[in-house]
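J.: Using the sequences provided together with the hints, build the complete structure.
Chains as they are written, first to last, in full-length UniProt numbering: chain A, 1 to 369; chain B, 1 to 369; chain C, 1 to 369; chain D, 1 to 369.
Treat the hints with care, since some could be wrong.
Note that the list lumps identical chains together, so a pair holds whenever it fits in one copy or between two copies.
Calculated cross-link-like contacts (lysine-lysine; reagent style DSS-like; alpha-carbon spacing at most 25 angstroms) [to be verified]: (1) 210 to 266; (2) 173 to 266; (3) 266 to 216; (4) 101 to 266; (5) 92 to 57; (6) 146 to 210; (7) 173 to 331; (8) 173 to 141.
Please keep in mind that the hints were generated in silico from the structure rather than gathered at the bench.
There are 4 protein chains.
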Amino acid sequence: MLGVGLIGTGFMGKCHALAWNSVRAVFGDVPAVRLVHLGEANTELAVRRANEFGFQKASGDWRAVIDDPQVDVVSITTPNQFHPEMAIAALKAGKHIWCEKPMAPTFSDAEAMLAAAKKSGKVAALGYNYIQGPAIRHIRKLLAEKIIGDINHLRIEMDEDFMADPDALFNWKHEATSGYGALDDFAVHPLSLLFTLFGRVSRVMCDMSKPYATRKTANGTDRAVETYDSASVLMHMENGVAGTLQANRSAWGRKGRIALQVFGSKGSILFDQERANEFQLYVTADRATEQGYRTILTAPHHEPYGQFIPAPGHGLGFNDLKIIECHELIKRINGQPAHLIEFADGLEIERTVHAMARSYQEQRWVDVR
Amino acid sequence: MLGVGLIGTGFMGKCHALAWNSVRAVFGDVPAVRLVHLGEANTELAVRRANEFGFQKASGDWRAVIDDPQVDVVSITTPNQFHPEMAIAALKAGKHIWCEKPMAPTFSDAEAMLAAAKKSGKVAALGYNYIQGPAIRHIRKLLAEKIIGDINHLRIEMDEDFMADPDALFNWKHEATSGYGALDDFAVHPLSLLFTLFGRVSRVMCDMSKPYATRKTANGTDRAVETYDSASVLMHMENGVAGTLQANRSAWGRKGRIALQVFGSKGSILFDQERANEFQLYVTADRATEQGYRTILTAPHHEPYGQFIPAPGHGLGFNDLKIIECHELIKRINGQPAHLIEFADGLEIERTVHAMARSYQEQRWVDVR
Amino acid sequence: MLGVGLIGTGFMGKCHALAWNSVRAVFGDVPAVRLVHLGEANTELAVRRANEFGFQKASGDWRAVIDDPQVDVVSITTPNQFHPEMAIAALKAGKHIWCEKPMAPTFSDAEAMLAAAKKSGKVAALGYNYIQGPAIRHIRKLLAEKIIGDINHLRIEMDEDFMADPDALFNWKHEATSGYGALDDFAVHPLSLLFTLFGRVSRVMCDMSKPYATRKTANGTDRAVETYDSASVLMHMENGVAGTLQANRSAWGRKGRIALQVFGSKGSILFDQERANEFQLYVTADRATEQGYRTILTAPHHEPYGQFIPAPGHGLGFNDLKIIECHELIKRINGQPAHLIEFADGLEIERTVHAMARSYQEQRWVDVR
Amino acid sequence: MLGVGLIGTGFMGKCHALAWNSVRAVFGDVPAVRLVHLGEANTELAVRRANEFGFQKASGDWRAVIDDPQVDVVSITTPNQFHPEMAIAALKAGKHIWCEKPMAPTFSDAEAMLAAAKKSGKVAALGYNYIQGPAIRHIRKLLAEKIIGDINHLRIEMDEDFMADPDALFNWKHEATSGYGALDDFAVHPLSLLFTLFGRVSRVMCDMSKPYATRKTANGTDRAVETYDSASVLMHMENGVAGTLQANRSAWGRKGRIALQVFGSKGSILFDQERANEFQLYVTADRATEQGYRTILTAPHHEPYGQFIPAPGHGLGFNDLKIIECHELIKRINGQPAHLIEFADGLEIERTVHAMARSYQEQRWVDVR
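T.: As structure tokens, this is what we get:
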């Protein structure tokens, strides 16, 4: 029996709640999950959400969740700035934690979080759900068996358009205090995929840009935008492969695009998160006159698709990725090998992002470490 | 508080269990759901699944589920041949039922089921989940506002390849006792979409074929295949529109295709369940030089996508359709309007399928009613 | 040296002229082509076009072209109703002919054309250019080597939207004297592909419909439309395979769609003329976990692409198909084997179309022969 | 009457020959074209090709072509290293020239070519055919009318796989004397599109890489590869827009990809040369619930498609682009405005490429001018 606490009930909080509700019915091989304690900014909201999500207790103070002796693991889904305090407190209280990405607004905070995790001996996992999709997991297997030979070039793009409207008012995401912009918001996700599939990044050369230099404020004045909605990065992986990473949160038309292109000596692989239930494979082993990208629909033989649906091509959704991540977390808590980004790797992702930002500021190639 | 019973824990049984587990967390506006009683073919399996799926009681006899006074609604997910007895018993016991499609192997059994539902006054819903997708629901709205004008032609195809292997052995699906073949297996799904979007079918002209006339049996002999893996139908809708329906369960390469083409006086709409998180719209209202099919990714403004994910283009999965259906069922039980195929419409779907089969047998156009 | 005559300079006339201008430069292996004589409805237009297209002589009377002793082969690209007279005259005059499809408005005229061709001993080819594309030709090879095993199901659709505007005025294409509608306009093209890839059609069951029952005339009155813009056909091939053929010339959004689906015991093939430089192949010989439709871009190894471009994936255009057809015609004239639809097969295509129309009129299955 | 000379009869030589053969028949509005003189490396080949392509004279010495008084314009389609001498000689001889890209292996040679062109007063055009496609031309119009608002981000990729085979032997393209690699081979094409659509590039930061450090020579030894098959560039346009350019000639699976992404304040545009008969447009002017990328098939209203085919969606091919370019060249020779890249712009393209190379060598941002 695993006792669960949840702090935060926004986009990701609900997503965690759904995962905790379903993980056992989907996978069968995990202990019973008890939704113990939900924390929100105030008691009224906490009670409402606990009721909806099926939690037994509700508190307007997150510390009550962390201190609850029936809670074994805490989902932390609040805004980034609260992660360090909550995560460190939870770890100190002896809880495993499942914290949404990125770790923290500053690198030193992220370092402190990793130190706390190490000291606690508890599992400290991050919510990098895109690595969990059956297509990505299968691509990882295919790369390992060298189906496309030795990798020699990579490209990855992450684009959405939620900041693309020039008439939207100035908000906190346009302030430098929120971070760099696309790098924080988006670059971490492609990096989680790169880390999972190819290893770490060694050197980066970054350019950033602002689609809109100023925005209107609520009172009608213009205010200078301080963050960069677009980032483009030349990079070298530790394994020697060169490539590019691009992120744009003002890319009209793109909704949830994470487009990966991997080129090897014997073929190539394409993937786009907007069509996450398929991927494309080109292999030179096919007869020359019939070589072409295969559009492969995910199916039960692409793990763990079969735990959700026994029929091929029927499709998982975004929320299912969190259920898979939850399952990995439970395996990890149980001491089994797990496919999961924990604080140690999470810190390296953030180190890479900060190196990108420094590269832009200094207009030069920067070594990540 | 709604008490739930579940009979059957295969593909669809698990899918129902997941829906019951998540419906409240997703939608928030429904009563608490209590997973009361699970029935399976034997006690051991029932206990195991009840444990996994979170049901409080388990029985090796489905009648125990139906007779359980704490159960308000029963999910029936057993093979079709058991539907009539179970559904009628459950309705007689005063339970609402949520029965997987199709209703029954024979039309008279289906009629008896509808009669039982009418007599009971209880909700008797069918598991036609494809009508629940945000894309389909939005297409329905667009058709109602005549964004593509007056409809004048329809085409729908449903294709999978689970029967396509010529080396697979003869099994019960090849016996005439299992039904007609593709018509039973598949045609009901496209019909559920047609009914939802355009109304009923009035006349049909059907052809059927067998890709493989014989199959090997386990003992190595050849046995004649009695069912038809492929069905192609000319049809007229009650609203006067002509079109075609095709179904093929031996279509290599197709995994979960349900491809709809709708042509109107001002545009057209395309949809394919294999890429269920998008649909295509062509409208002549666009300037001539920029007319083209728009690939529209589902998003929070396509109901009820936003209940699952607040960001556009992130995608729902097959299992999410069942959660939506479950929500509609609960609304219906609560006396609210619901988007659901109940026994009355379900019977018409089956009437249409039987008319198709008769058309093939008699090699002529057949009126459905 | 081959002397060429051309009658008609509309869409297809220009297309023939371009083919005659380029065929030797593209293929190299044909005799020099001399553009001798061009005929149009009046001398002024004939002279202008002869000038543009590079013909040496021009006449306002097509008979002058046919009678020209320097002319060896005549391209006939006038409206269908003129084909019989011109083709028969040209054959009698001892010319080879290259006549645009379809042969003639009536079947008896088409029969007379075939009789004239047989009597003359000259080549009488038809302009069924879609069979010439490198993708289609390669699909033909793949089918012959049974890469997808034994074919068991076919579907083909041809759709455009040039008749889709409900506000367009009544014109001659809406009159019964122009033929049946979509059947004449379109069905012949898919049939040319079916004949080329699979052989002839034995039985048909056809439905037809009118998107718009009436249209405005120039003087503002309503007039009943007499032709059918949409035709849907159940069919059986002579080789026993069942399938469907659909044609719609009022399908908003479709511009030049000819979508073919071929299912076999070991895979399937897809093609769409709107993306004629690619085709899709699914084969069960691929490892199960990586089976998917390959999108294969045409390339020099798909004959005769390499005659046009030595680099793969660069794409041929619609007019290139006519150059290929022209090359086949010249090979045929030279007594070599050629990939070409001549009058004998053309008559069978028309016989099939007339059988479809009869099937609709009589509301029953009709044997083609 | 325009007298044409052609030097070189490889891929591009044939392409020019086809264009000269067809341009008048396609466009109608140009003077008669006389194919006067063809030059090749030896007389025998020259005679053979002149015969095939329809040229009146043939020479084994290119100077004979240039000196021919009947020749008004010379197509130069030999390998790059010969361009400077031939182009300068032709210009001095008072001929217009149509020279394949890039201008020359060295920048100083390219400068000398421009100087010669200026001095001659003749037209000196380059073979940047991708700017001629109806889709690209229409995109240019749409950008000019600001259909997607103000541009704020650009991405362009050009990828093929003709160098991707690791087992292919070392050849001249792997020697530094051939140039930088992908930059010379490919980057000039995307730059021609960027110049046409957005203007010039001001600053670049380039990374290059080698997929295969060594290759086998014919005698079995390993030899170090000196050129870079992949180049990735951060760039700023003179108009202030930031973006990226990537080129890879070892990208397995890519055959003729030139993928453009343009993001603006009111929408975005996508194009891929592998599907050159379509482009994609997303506009925020569409109602929110139906916003999506429109796939727009080229049609007669996208100039000059209609000169080739009067029906939409039927598709032009790669060779047709050269016919359009030829038409522009003739318009330019006749003193009319033309859509063409001449030596002045061509030199700027090459300046940009050399700046990219310098940026890589110096590992820093480089100003193009």
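J.: Hint by hint, note whether the structure agrees.
T.: Now the hints, each set against the structure:
In the homo-oligomer, the alpha carbons of residue 210 and residue 266 lie at most 25 angstroms apart only across protomers (15 angstroms), although the nearest pairing inside one protomer, at 39 angstroms, exceeds that limit. With identical chains, the CA atoms of residue 173 and residue 266 are at most 25 angstroms apart between copies only, with a shortest distance of 20 angstroms across copies and 43 angstroms within one. Proximity of residue 266 and residue 216 under a CA criterion of 25 angstroms is satisfied inter-copy only: 17 angstroms between copies versus 52 angstroms inside one chain copy. Taking the shortest alpha-carbon separations for residue 101 and residue 266, neither the intra-copy value of 35 angstroms nor the inter-copy value of 30 angstroms comes in at or below 25 angstroms.
In this assembly of identical chains, the alpha carbons of residue 92 and residue 57 lie at most 25 angstroms apart only when taken from the same copy (22 angstroms versus 39 angstroms across copies). Proximity of residue 146 and residue 210 under a CA criterion of 25 angstroms is satisfied inter-copy only: 19 angstroms between copies versus 40 angstroms inside one chain copy. Neither within a single protomer nor between protomers do residue 173 and residue 331 lie at most 25 angstroms apart by alpha-carbon distance, with minima of 36 angstroms and 39 angstroms respectively. In this assembly of identical chains, residue 173 and residue 141 lie within 25 angstroms of each other by CA distance neither inside one copy nor across copies; the values are 38 angstroms within and 34 angstroms between.
Consistency note: the structure conflicts with the earlier hints numbered 4, 7, 8.
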